[in-house]
Each structure stands twice: as structure tokens, then as C-alpha cells.
Amino acid sequence: MRHARPEIAPDRKRGRLRLLVRSACLLAAVAALWPLAPGVNSSLWVPALSPFVALAGAIATRELQAVAWLGMVVGVVVLVKRRFFCRWVCPMGFCLDGAGSLGHRLGRRSVHVPLLGQWIVLLTLGGACLGYPLLLWLDPLAIFTGVFSLGERHLGCAAWLGATGFAAVLAVNIAWPNVWCGRICPLGAFQDLLHSGSRSLRFVPGRKSEGESRLSRRAVLGVAAGAGSAGIVGLVHSDKRRPLRPPNAREESQFVGLCTRCGNCLRSCPTGVIERDLGGHGWASLLTPVLSFREGYCREDCVRCTEVCPSGAIVCLPTRNKASVRIGLPRVDMNVCLLAEDRECSACARWCPYDAIRYVFSEEQYALQPQIDPDKCMGCGACEAACPTKPHKAIVVLPA
Amino acid sequence: MNDSMNRRDCLKVLGISGLATGLGSTQSQAQSVGESSGFQSSVIASRKVQSDRVNATFTDGKVIQPSRELAILDTTDVLVVGGGPAGVVAAIAARRAGAKVTLVERYGHFGGLWTGGLVLLVLGHIVKGGRQVCQGIGEEIMRRLDKLDGAIIDRKPGVNPTVDAEAVKYVMVEMIEEAGVQVFLHCWGVDAIVDGDAVQGVVFESKSGRQAIVAKVVVDATGDGDVFASAGAEFEHRSHNVGLVYRIGNLDRIDKTPDSPAPKRIGSHTPVPGVNWVNLRGPEVDGLDVATLTRMEMNHRKYIWSHIQKTRRTPGYERVYLMETAPQLGVRITRVLRGLKTVTLDDLKAGTTFPDVVGVGGSENGGHGPWQIPYGALVPAKIDNVLAAGRCISAEIRMADLVRLIPNCFVTGHAAGVAGAVAAQDGCRPREVDVAKVQTILRQQEACLA
Numbered sequence: 001m002r003h004a005r006p007e008i009a010p011d012r013k014r015g016r017l018r019l020l021v022r023s024a025c026l027l028a029a030v031a032a033l034w035p036l037a038p039g040v041n042s043s044l045w046v047p048a049l050s051p052f053v054a055l056a057g058a059i060a061t062r063e064l065q066a067v068a069w070l071g072m073v074v075g076v077v078v079l080v081k082r083r084f085f086c087r088w089v090c091p092m093g094f095c096l097d098g099a100g101s102l103g104h105r106l107g108r109r110s111v112h113v114p115l116l117g118q119w120i121v122l123l124t125l126g127g128a129c130l131g132y133p134l135l136l137w138l139d140p141l142a143i144f145t146g147v148f149s150l151g152e153r154h155l156g157c158a159a160w161l162g163a164t165g166f167a168a169v170l171a172v173n174i175a176w177p178n179v180w181c182g183r184i185c186p187l188g189a190f191q192d193l194l195h196s197g198s199r200s201l202r203f204v205p206g207r208k209s210e211g212e213s214r215l216s217r218r219a220v221l222g223v224a225a226g227a228g229s230a231g232i233v234g235l236v237h238s239d240k241r242r243p244l245r246p247p248n249a250r251e252e253s254q255f256v257g258l259c260t261r262c263g264n265c266l267r268s269c270p271t272g273v274i275e276r277d278l279g280g281h282g283w284a285s286l287l288t289p290v291l292s293f294r295e296g297y298c299r300e301d302c303v304r305c306t307e308v309c310p311s312g313a314i315v316c317l318p319t320r321n322k323a324s325v326r327i328g329l330p331r332v333d334m335n336v337c338l339l340a341e342d343r344e345c346s347a348c349a350r351w352c353p354y355d356a357i358r359y360v361f362s363e364e365q366y367a368l369q370p371q372i373d374p375d376k377c378m379g380c381g382a383c384e385a386a387c388p389t390k391p392h393k394a395i396v397v398l399p400a
Numbered sequence: 401m402n403d404s405m406n407r408r409d410c411l412k413v414l415g416i417s418g419l420a421t422g423l424g425s426t427q428s429q430a431q432s433v434g435e436s437s438g439f440q441s442s443v444i445a446s447r448k449v450q451s452d453r454v455n456a457t458f459t460d461g462k463v464i465q466p467s468r469e470l471a472i473l474d475t476t477d478v479l480v481v482g483g484g485p486a487g488v489v490a491a492i493a494a495r496r497a498g499a500k501v502t503l504v505e506r507y508g509h510f511g512g513l514w515t516g517g518l519v520l521l522v523l524g525h526i527v528k529g530g531r532q533v534c535q536g537i538g539e540e541i542m543r544r545l546d547k548l549d550g551a552i553i554d555r556k557p558g559v560n561p562t563v564d565a566e567a568v569k570y571v572m573v574e575m576i577e578e579a580g581v582q583v584f585l586h587c588w589g590v591d592a593i594v595d596g597d598a599v600q601g602v603v604f605e606s607k608s609g610r611q612a613i614v615a616k617v618v619v620d621a622t623g624d625g626d627v628f629a630s631a632g633a634e635f636e637h638r639s640h641n642v643g644l645v646y647r648i649g650n651l652d653r654i655d656k657t658p659d660s661p662a663p664k665r666i667g668s669h670t671p672v673p674g675v676n677w678v679n680l681r682g683p684e685v686d687g688l689d690v691a692t693l694t695r696m697e698m699n700h701r702k703y704i705w706s707h708i709q710k711t712r713r714t715p716g717y718e719r720v721y722l723m724e725t726a727p728q729l730g731v732r733i734t735r736v737l738r739g740l741k742t743v744t745l746d747d748l749k750a751g752t753t754f755p756d757v758v759g760v761g762g763s764e765n766g767g768h769g770p771w772q773i774p775y776g777a778l779v780p781a782k783i784d785n786v787l788a789a790g791r792c793i794s795a796e797i798r799m800a801d802l803v804r805l806i807p808n809c810f811v812t813g814h815a816a817g818v819a820g821a822v823a824a825q826d827g828c829r830p831r832e833v834d835v836a837k838v839q840t841i842l843r844q845q846e847a848c849l850a
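As they're listed, the protein sequences go chains A and B. 166 is the number that this note's numbering gives to position 166 of the first sequence; each next residue is one higher, with no gaps. 693 is the number that this note's numbering gives to position 293 of the second sequence; each next residue is one higher, with no gaps.
Worth flagging that the hints you see were computed from the coordinates, not collected in a lab. Computed from a predicted model, the values in this text were never measured in an experiment. Mixed in with the good hints, there may be bad ones.
[Said to hold, decoys possible] Heads up, simulated DSBU-like pairs for lysine-lysine below, C-alpha to C-alpha not over 30 Å straight-line:
| hint | chain 1 | residue 1 | chain 2 | residue 2 |
| --- | --- | --- | --- | --- |
| 1 | B | K528 | A | K376 |
| 2 | B | K448 | B | K556 |
| 3 | B | K448 | B | K462 |
| 4 | B | K837 | A | K390 |
| 5 | B | K837 | A | K376 |
| 6 | B | K462 | A | K390 |
| 7 | B | K528 | B | K547 |
| 8 | B | K710 | B | K500 |
| 9 | B | K782 | B | K837 |
| 10 | B | K462 | A | K322 |
| 11 | B | K710 | A | K390 |
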């Protein structure tokens, strides 16, 4: 229970300093995430600070991404200083402290909850071993980042849903003050695990305390359960309803696990083609980024969404390689296409940045038909965005 | 009342007798030239054996055309070759800008593919958001069509209107005559008259034989770039779909009660009730190759006939009939000029503005933003005294389907006409023309430049 209230400062001076540092960190996080912030890719810094995301991502993908170093540094610090991140940096924790005091003032009392956080971490890491980090989306920094969905250009249902995680956590902390930070938060629990793990390494193995042996039992159990569930997800998951994912996204079953739903990719997209999945592709995919080319397309010179993904669900892509990464392939519905009625339309071929569409005359139909060169086409959706037919587009990009 | 009636009757009688006298005098004149007699026709001239004939000869397996002197039909400031949407607007614009203008057209009517090709749906006068960028003389034509009964439908903001071809031919005759343009129909421009790199006029072939028109500036509104190509200007020769439009009638007599699905390719409505026009895009071929053009004409007519028969076998559609196929084959793009500047898709996407802008282009369904047309896209890179107008202006291949739209032809025709008049009046080459002056006149003529 000693982890439950880590926020109490030893003296007032230290308390004031901590208040100052935390305010500065909150301000810095807001500045980095604000959609209008001029800093290039600064939105990556906040969710990438999480060592939980960094480690789970590294285990799941079997590679150490460039973005992981921030989380790794934080991880090393908390090895030495327990819950240092929570006490001094976490912008989410700072907000939740405020919510907690409000709860106290409203007469709410903290409630005894089992240490859910540790189970979340263990399940997730266990799942990550099979490539599917189950509950990575509960990372508090990703939830905090999700609030900034409200800054999206099209303030629709999806933007509000992106912010619901934060609202829910806030509500929980008002109702039962500090229950999130102390008992549920996987990032907090991860720090605890890291710290106690490092301590147990420091001591002689024979002198294990009862608490530590309980922890290792729990660890084995949790990891096994996580791996088991990930295995079931992998078996049950079908690629049939696979949505269109941002360029260079990982394989679908891994993507939905790795994605923290932070919404960074949505906000980084200059053409606004990334939307949140609102349940059209199964529960596992809920709130993950999907592409919609009704209004715009995935520009041939843009790799911004790949640069801001904190967990590596979308793999960082150099601009020069963009033109060789396939997103999908378009399919033409000749029942809708204007060419079937011999109308003067050449919108899809004109807009295609890869010169992949030709109109071929069919002697049999005595009409033209768009023909897509699958070697040239990258599925950027320029054709779909340009297609003038309503309400159904005659050319639609589908997952390849 | 009675008195005035009597006076009018009296005048009528006088008029008829005057006409009769005139007719009699021609007849007597004709009779003095030839031997033949008869009321219905008269002899204009009779052929004598000519000793100074200069026919082509067939020697050593080669056909040789000897050089000969040609009659000069006309001398003018601005000569517009081609009487389609671009040429007609160019001629009117140049005349209104104060130049002496001559317009020649290979067929017997104005409007080009708009009328002769039955391209009745006018696509391309709007941009994204529905703003109309085709203004000036092109818009004046549309407004005049508005005033006529049954000449145009769907004339609403943001919508593509459909016209009646005969109404367009009529309005164009009216406007050309009002402007005071010298016109020669049934004249096919066959050769540019060139001195070094400067065009000085054009040679025509017609029933009157091979004749020349000498001009200070020539506007090439042939669509195929016939003039600049023969003058030696650089161009790109492209293939595109060559189709044939047709009209079908009795669509107001369809019996919609039978349960069978509606036939395909029923086209879209026209100002004539019960008559639809049906587009046909055809295969991508070389629109300059006469054997290809012949094959297209014949294949398309066979297809259209059989297709209509199929339509008539659909229950409820038995009375639908083929009213006409267009007199003119639907050639979309052939030669495209290599100009001082080129209209590009990247410029369209970027919304590039040009200091020498002479017009703004629209798109089929308002799918693009406005794209500026620089004056340099009308001016050949090397050859002087000729300006391109219409679908053959300097544009990259991906812009072809926008450049060739009727309203965009109005816009480039308008610009070429005014620029030609300014060059002729200022005595300079078109490439040296004062573009600011051209822009001022275009604005005065209500063209849209932004």
C-alpha cells in the first residue's frame, strides 16, 4: 500500500518546487501536442515518454525503434528513483491530482481496489511476446494525447471519442480520489515493477522477501495470461474486415495491438484522410486510425503520420521511400463509373500522382474503362477523392 | 388606313418589279458570257482550254506539285482560322479591339465540335465552389442563347448547361455579323505563308480553288494546330479518343410500365423535348490520320445503328429512333503547341498565378480550383505572328481534357483575339506584345482574369 499515495512531499519548499516543475511539464506537454504548435513532430514527444509503451512496442515488434529512446531514458531514471516520472513529470498525473482534490472536497473517499495496474502491465507484456500488446491503449500518456483530438479540423464524433478516455479517467479520479494513479495506471505500475525488479536483482537470490516472490508468481501468471489472450486474439482475428491503414502500418493483427489510440497520426495528417475507426471493423480496431479518401488523399510527398507514432504501429518512413509503399488498391465499379455512360470524365487519371490509370477502349462494350496498373498504383486514394460520382464513388481504394 | 394600305401595296409592287429587273439583268449578263439558257440556272463562266495550266505531275513514280502564283482572296490585320468556339470568340474579340478581322471555317457553319460535333453539354465553365470563371464573349454567347426560346437548358449557377446546336449556329452568325468580321466559310486552311520564322498569312483550299489570305497576325483556332504545324512550329502529336455523338428521339414516348430494366446509353436531355444527345468516346487513336478517321466514321455509325436497334427491342422503348449522327467526328486532341509557357497540372494544383495571365480555366464538374492560363501558352516558342487558341494551346498531356472544354476554348480564343489585335495595331510580333494592354482590353470586354 506504500505505492498508493506517492505524491506527498516531505516539506513545503519541495512541494512548491514540485508544483512548479509539474506545471512546467504540463505546459510543455500542451505546447508540444497543440495542433498549432510550430515544432515539427513535437506531438511525438509526449506519448513517446512512456517506458511502458517503449518496452511493449519493442517486444511486440522485435526491434528497437528510434522513437523508443525517450521511453528508455525515462525507464532508466525510474529504475533508480521510484515513480520519479509520476511525481515530477506526468502531465496526466498532475491533472488527476487536481481531480482527486476536487473529489476530496466533494466528500469522496478513496476506495480499495486490487493492483489492477500490475495486471495490465503483465498482460500487455505477455501479449507483446506474441506480437499483440493487449492493453497498451491504457497508457496514460496516450490517453492524455487523445484529448488533443478536440483540436482536429473536423470536430466530429470521432474527435470526442478520442477525448473520452481522458474524461473517463478524470471522472474515476473524482469519484474515487487517486485510485487511477495508485492502483490502475499501467505506467505507474510499470515503474513499480521496474524498480522492484531492479532491487531484486541487487540482492542475493536467497533473501527474497515474501512480497517479491508473490510478485514473480504474479508476473509469470500475468505474462502467461497475456500471451494466452494474445494467442486467442490472433486465432480469432480475421483479416477479412481489415480497414485501410496509414502508409507503412504494421500487419493488421499487430497494428491494432500496438496502436495506443493517441491520435497523433490523425492530427499530423495535412489532408485529413486519417479518421478514427468507430467500430466498423470489430472491437479490436475501435478508435484506431483508418483512411478515408472521400475528400483528400495520402500525399506522395508526406510521411508525417509515420513520424509521430509513439509505439511504432506505423513504422517511420523516409520521404524518398513513400512512393514505394502500398496502402491499398482501387477497385472500379462500372455500374457507377461515368465512363460506362460515355460521359466526359478523366478525373481519376488526372489526379493519380503515380500515373497508374489508363482508359482502355473495349470493343465489346464500345466504351472506355479505367484500368489500374497494380505495379504503379500505391493506393494513395487520389482517384477516389477526385471521383465525381455521388453518393457512391465509382473508384474506391480497398486494402491490398 | 386605306390610303396607307394602298401605298404599301404600291411599294410592294415596285419592289417586285425592281427585283425582276435585277434578275433580268443578271440573266442577260450571264447569257452574254455563256451559250446556255434556262430560267432555273444560269452560266457564270464557260471553260476554255488553258495553255498555262500548272497541274501536279506523276513522273518517275512521284507526284510533283509545281510552284504557282495564288490569288489573294483578302488582306487583313487578324486572320482567324477555324470557326469553332475559340475561333468565333477570337474573331469577335479582335474586331471589338479595333482590328480588321477575317474568319475562315472549313464547314458551312460556326461552332465547330460544339455544333457540328453535337457536343451539346457545356462542361467546364465553373471551378470548385461553383464560381463561374468563363466570362467575356463566351458568356455573352450563353446569355444570348438564354434569350432565345428552346436554345439552352440548365442555365443555373454551378450547373453545366445543355444547348441546341442550331441555336448556337444562329447566335454565332448574329454576333459575327454585328461585330463586322469578314467571313469565308467552306475554306480549309492548308498551308501557312511563311517568311523565315514569321507567318504572313494562310493558303486555303475551297470550291474557289487554292487562294491566299494575307494577314499581320494569324490565330490558329483549327483545333489541330494546322497553321502553326505547317509554319514549322514545335508541337506534340498526341492520340486521344475519337468518338461520334448522336441524337435520339421519341424519348417522351417511352412506355415505362414494362418491368424490364432501362437500356444503357440513353444519353442526356437537350432543349428539344423528347430528344437526347448521346456521347460516344471511342478508342484512343491518331485524329490526324485520314485512314483512321475514315475507319472511325464507319465503325461508329455501324455501332450506333446496331445499338439503337437493341434499344428499340427493349419493351417500352420501341419508338425510340436515331435522329442523327453528328456531321463531325469527335476528335479530342491531336497536335498541341510547344509554347513559350505550358499549362501544367502542377500549376493547377498549386494555384499558380502568372503575371501574363489572360484567362482562367474551369473543370468538368467544378472538380478543380481556378487555373490561370498564361499568355505564353498561346505563343509558339519559335515561330512568329501566329497565336494558338482552343484545344491546341501549349499544355501538358494531363491538362488536355481540361484545355479542350468548350468554355476554356472561349477563354483562350478571347485572349488570342485581343492579343492578335494589339500586335497588329502596335506593329509588333505577338511575343513582344504589351501584355498589360491585352489584359486591360480583356477586362474591358468583361473577361475573368483572376
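Now the hints, each set against the structure:
1. For a cut-off of 30 Å, the pair hint linking K528/B to K376/A stands: about 29 Å separates their Cα positions.
2. Our distance criterion of 30 Å between C-alpha atoms is broken by K448/B and K556/B, whose separation comes to about 61 Å.
3. Under the criterion of a C-alpha separation no larger than 30 Å, the hint pairing K448/B with K462/B is consistent with the structure, at around 29 Å.
4. Restraint check for K837/B and K390/A: not satisfied, since their Cα atoms lie roughly 44 Å apart, outside the 30 Å limit.
5. A threshold of 30 Å between alpha carbons decides the hint, and for K837/B with K376/A the separation of about 47 Å lies outside it, so the pair is violated.
6. At roughly 59 Å between alpha-carbon atoms, K462/B and K390/A are farther apart than 30 Å, so this suggested pair is violated.
7. For the suggested pair K528/B and K547/B, the alpha carbons sit about 27 Å apart, so the restraint of at most 30 Å is met.
8. Under the criterion of a C-alpha separation no larger than 30 Å, the hint pairing K710/B with K500/B is inconsistent with the structure, at around 53 Å.
9. Distance hint between K782/B and K837/B is fulfilled; the C-alpha atoms sit about 23 Å from each other, no more than 30 Å.
10. Distance restraint check for K462/B and K322/A: the Cα-Cα separation of roughly 58 Å exceeds the 30 Å cut-off, and the hinted pair is therefore not satisfied.
11. Restraint check for K710/B and K390/A: satisfied, since their Cα atoms lie roughly 29 Å apart, inside the 30 Å limit.
Hint compliance for this structure: hints 2, 4, 5, 6, 8, 10 are not met, and every other hint is.
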